[in-house]
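Q: Residue-level listing of the chains:
Number of protein chains: 2
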Amino acid sequence: MSDLPRAVRITEEGPREGFQIAATPVPTQDKIALIDALSATGAPRIQVASFVSPKRVPGWADADAVVAGFAPRAGVAYTALWFNAQGLDRAMAFKDRLTLYGSVTVAASEAFSLKNLNRDRAGQIAAQRETIAAHQAAGVPVTRVSVQAAFGCNFSGDVAPARAVAAVSEAMALAEETGCAIEKIALADTMGWANPLLIERVVGEVRSRWPGQAVSLHLHDTRGLGIANAMAGLRMGVAEFDAAVGGAGGCPFAGHAGAPGNIATEELVLLCEEMGIATGIDLDALIAAGHLAERVLGRTLPSALLRGGSLAGFRAKARAA
Amino acid sequence: MSDLPRAVRITEEGPREGFQIAATPVPTQDKIALIDALSATGAPRIQVASFVSPKRVPGWADADAVVAGFAPRAGVAYTALWFNAQGLDRAMAFKDRLTLYGSVTVAASEAFSLKNLNRDRAGQIAAQRETIAAHQAAGVPVTRVSVQAAFGCNFSGDVAPARAVAAVSEAMALAEETGCAIEKIALADTMGWANPLLIERVVGEVRSRWPGQAVSLHLHDTRGLGIANAMAGLRMGVAEFDAAVGGAGGCPFAGHAGAPGNIATEELVLLCEEMGIATGIDLDALIAAGHLAERVLGRTLPSALLRGGSLAGFRAKARAA
Numbered sequence: 001m002s003d004l005p006r007a008v009r010i011t012e013e014g015p016r017e018g019f020q021i022a023a024t025p026v027p028t029q030d031k032i033a034l035i036d037a038l039s040a041t042g043a044p045r046i047q048v049a050s051f052v053s054p055k056r057v058p059g060w061a062d063a064d065a066v067v068a069g070f071a072p073r074a075g076v077a078y079t080a081l082w083f084n085a086q087g088l089d090r091a092m093a094f095k096d097r098l099t100l101y102g103s104v105t106v107a108a109s110e111a112f113s114l115k116n117l118n119r120d121r122a123g124q125i126a127a128q129r130e131t132i133a134a135h136q137a138a139g140v141p142v143t144r145v146s147v148q149a150a151f152g153c154n155f156s157g158d159v160a161p162a163r164a165v166a167a168v169s170e171a172m173a174l175a176e177e178t179g180c181a182i183e184k185i186a187l188a189d190t191m192g193w194a195n196p197l198l199i200e201r202v203v204g205e206v207r208s209r210w211p212g213q214a215v216s217l218h219l220h221d222t223r224g225l226g227i228a229n230a231m232a233g234l235r236m237g238v239a240e241f242d243a244a245v246g247g248a249g250g251c252p253f254a255g256h257a258g259a260p261g262n263i264a265t266e267e268l269v270l271l272c273e274e275m276g277i278a279t280g281i282d283l284d285a286l287i288a289a290g291h292l293a294e295r296v297l298g299r300t301l302p303s304a305l306l307r308g309g310s311l312a313g314f315r316a317k318a319r320a321a
Numbered sequence: 001m002s003d004l005p006r007a008v009r010i011t012e013e014g015p016r017e018g019f020q021i022a023a024t025p026v027p028t029q030d031k032i033a034l035i036d037a038l039s040a041t042g043a044p045r046i047q048v049a050s051f052v053s054p055k056r057v058p059g060w061a062d063a064d065a066v067v068a069g070f071a072p073r074a075g076v077a078y079t080a081l082w083f084n085a086q087g088l089d090r091a092m093a094f095k096d097r098l099t100l101y102g103s104v105t106v107a108a109s110e111a112f113s114l115k116n117l118n119r120d121r122a123g124q125i126a127a128q129r130e131t132i133a134a135h136q137a138a139g140v141p142v143t144r145v146s147v148q149a150a151f152g153c154n155f156s157g158d159v160a161p162a163r164a165v166a167a168v169s170e171a172m173a174l175a176e177e178t179g180c181a182i183e184k185i186a187l188a189d190t191m192g193w194a195n196p197l198l199i200e201r202v203v204g205e206v207r208s209r210w211p212g213q214a215v216s217l218h219l220h221d222t223r224g225l226g227i228a229n230a231m232a233g234l235r236m237g238v239a240e241f242d243a244a245v246g247g248a249g250g251c252p253f254a255g256h257a258g259a260p261g262n263i264a265t266e267e268l269v270l271l272c273e274e275m276g277i278a279t280g281i282d283l284d285a286l287i288a289a290g291h292l293a294e295r296v297l298g299r300t301l302p303s304a305l306l307r308g309g310s311l312a313g314f315r316a317k318a319r320a321a
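Sequences listed follow chains A and B, in order.
Position 58 of the first sequence, counting from 1, maps to 58 under the UniProt record's numbering, and the rest follow consecutively.
Position 175 of the second sequence, counting from 1, maps to 175 under the UniProt record's numbering, and the rest follow consecutively.
Worth flagging that the hints you see were computed from the coordinates, not collected in a lab.
Among the hints, a few may not be true.
Just so you know, same-sequence chains aren't split out, so a pair can sit in one copy or run between any two.
[Stated by the list, open to error] Pairs of lysine-lysine residues, derived as BS3-like cross-links and limited to a Cα-Cα distance of at most 30 Å, are as follows:
#1 K115 to K317
#2 K184 to K317
#3 K55 to K317
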């Protein structure tokens, strides 16, 4: 068990993931209320908005108002997502509230790149050059390499570990060529194709090849293996994860509408804390935020823990009995 | 990875688990249709009914008609559940259709024993003596030791590994004293308290102390860790699991109404087959049976895979594209 980290850092992506696929428009004030509730849980890092085209993601047309409206809490890093120079410009307007960094983002699957980013892989690399230049001109550091569909793809099928590693390699080469100091390699199971052994194999190869880089995992629970895959990541020493409160979200371009999205933050926190791995997050406060997310989104979220209830509550009752 | 088994045997408990908590009565014919659909998936073992008091579990008042009505398939073992001599009598009437065996069943938590079996632990041991004698008189072998609430309890809190092992020990002693040849130790996480390290610890201690016994796991996904816990069991060489199609079920006496029940069979099958562990089950047929279970039970079941769809389907589409 020696590879299990003593602490992990979870990036809460519930607001960004959840609102991008809300069936009916969520009032800006409700989005802000959820972000503020998440700030109070002890979450170290919250992704609060997506500066993407309102035509492609109508749920984030109000990203600017949301970011202007939430109440920043000391010690919490607030991040946002964007894919191009226009998105960066919108984010820059909030550089006092947001922790800004850029990513070199590639997809291991060309088919997904076409669906999600609207470009083939070569086009994606060319576009990344422009985006990196825009970040550098704006003084925003590009510190992360991010590989989407690193474990499989609904459109092209299995992604061999060698292909995932090659995608990391392409992105790292581009980062080096453009003078970006990369600190983290983020691997995303965007469509829920991973299994624990595949996680171990890919993470193992990435860690061996780039030993100086932190590895983070962005896992989806599309087919129910998300938390088992997170456990596999922990076993490989991964100490950074993305997750979404309630399991809110899901990629709008993945071809499996209605499937669960990101792993549920509260289930990841339970997994870690029950094994003595510190998250810094108050699980009961997070579960309460999950119930708020359900009210705000107007639907039952896939998290089992929101139904089962925290062990802390049952432990307290047992002690009192 | 050397402890991962090459094949596992899954007992499908969806019918027994699912119908015991159905909110509205399910017609007997629908129960039979689901059992027949499950028979066609290649499931090696299906628990088809619960011969319990109709007063306590009204959903199984028609157990006799269900067991009389399904179409047995060659090569599939059909089992049923009962807790006392009256239940055994009802099961004996179907000894040509059912694989009959008895269990020495104890709860690691006294509080749960009171809620679920209506007896304290001492009373439970006394009752087990009577039940064992009834099985022996009927010529039904008692081959299994079963420990409920082996990893924690909503009523009494944490169950230390030593307590779980002590419960196994009490049951094994009773089996030896009464001349039962035990072949399997079944550990149940009845209320979803386990985590992967706890599974490894308890299974490890049980395997070390009783090396001649097979260990099986009955895991609930109450708080979202069920499949990660199954993975931990696989890592410890466990090759027998209970699961319920769709994740149907949940214990009616556990104090967390609405929480997910057993791990979903199709998610366990996906986990195993993706890692090269044979289950003998046709996953797409099982997913179809899961959708049938949702229609029969009149509700959406918790399984993520029922929403996300099988990888086989996406792989076929990717090959055709």
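Q: From the Cα coordinates, with 30 Å as the cut-off, is the pair K115 and K317 best called within, between, both, or neither?
A: Answer is between; shortest inter-copy Cα gap is 15 Å, intra-copy 50 Å.
Q: Are the CA atoms of K55 and K317 at most 30 Å apart within a copy, between copies, both, or neither?
A: between (50 Å within a copy, 28 Å between copies)
Q: Regarding K184 and K317, is the shortest C-alpha distance of 30 Å or less found within a copy, between copies, in both, or in neither?
A: neither (42 Å within a copy, 34 Å between copies)
The structure fails to meet hint 2 from the earlier list, while all remaining hints are met.
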